[in-house]
Amino acid sequence: MPTSPVKTRIPLTSFGHLITEVKRQLFGIEAPVTDQLTGWRKHFNSYTLQGRRNFVLATYGLLALTAAVYMMKRSNKVDSNESNSIA
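For the sequence shown, this note's numbering gives the first residue as 1, with consecutive numbering after it.
Hints are supplied without guarantee of correctness; some may be wrong.
Cβ pair distances, simulated, as ranges [to be verified]:
| id | residue 1 | residue 2 | range |
| --- | --- | --- | --- |
| 1 | Asp35 | Ala58 | 37 to 47 angstroms |
| 2 | Lys23 | Ala68 | 34 to 44 angstroms |
| 3 | Lys42 | Arg74 | 35 to 45 angstroms |
| 4 | Gly51 | Gly28 | 14 to 24 angstroms |
| 5 | Thr48 | Val69 | 28 to 38 angstroms |
| 6 | Val33 | Ser75 | 24 to 34 angstroms |
| 7 | Arg74 | Gly28 | 15 to 25 angstroms |
| 8 | Thr59 | Thr38 | 41 to 51 angstroms |
| 9 | Asp35 | Leu62 | 23 to 33 angstroms |
Keep in mind the hints are simulated off the structure, nothing from the lab. Each residue gets a CB set at the ideal place from its N, CA and C atoms; glycine is no exception.
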């Protein structure tokens, strides 16, 4: 198993936890307590599993929405080309 210059109890296979540990040890940045998070940061943060899940769901939702809009625009363009060639 690879070793890290940072003294960590977390294996390097978990990249997110490694980054959190590096921030804590090198920069002195501690994760805020969940009660300290307010507003949108309460629901979208990198400190809790729920916050990370919400980021993933929002990303997938945005990709699906973009694909749906693209498909709708594409079908409208194809329909207008067919109606012009028929008329």
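Evaluation of the provided hints:
1. Asp35 - Ala58: 37 to 47 angstroms: With Cβ atoms ~23 angstroms apart, the hint is violated.
2. Lys23 - Ala68: 34 to 44 angstroms: Once the Cβ atoms are compared, 37 angstroms apart, the range 34 to 44 angstroms for Ala68 and Lys23 holds.
3. Lys42 - Arg74: 35 to 45 angstroms: 38 angstroms, holds
4. Gly51 - Gly28: 14 to 24 angstroms: Given range 14 to 24 angstroms: holds, Cβ gap about 21 angstroms.
5. Thr48 - Val69: 28 to 38 angstroms: 31 angstroms, holds
6. Val33 - Ser75: 24 to 34 angstroms: 49 angstroms, violated
7. Arg74 - Gly28: 15 to 25 angstroms: Because 51 angstroms falls outside the window, the suggested range is violated.
8. Thr59 - Thr38: 41 to 51 angstroms: 23 angstroms, violated
9. Asp35 - Leu62: 23 to 33 angstroms: 29 angstroms, holds
Taken one by one, the earlier hints fail for this structure at numbers 1, 6, 7, 8, listed in ascending order.
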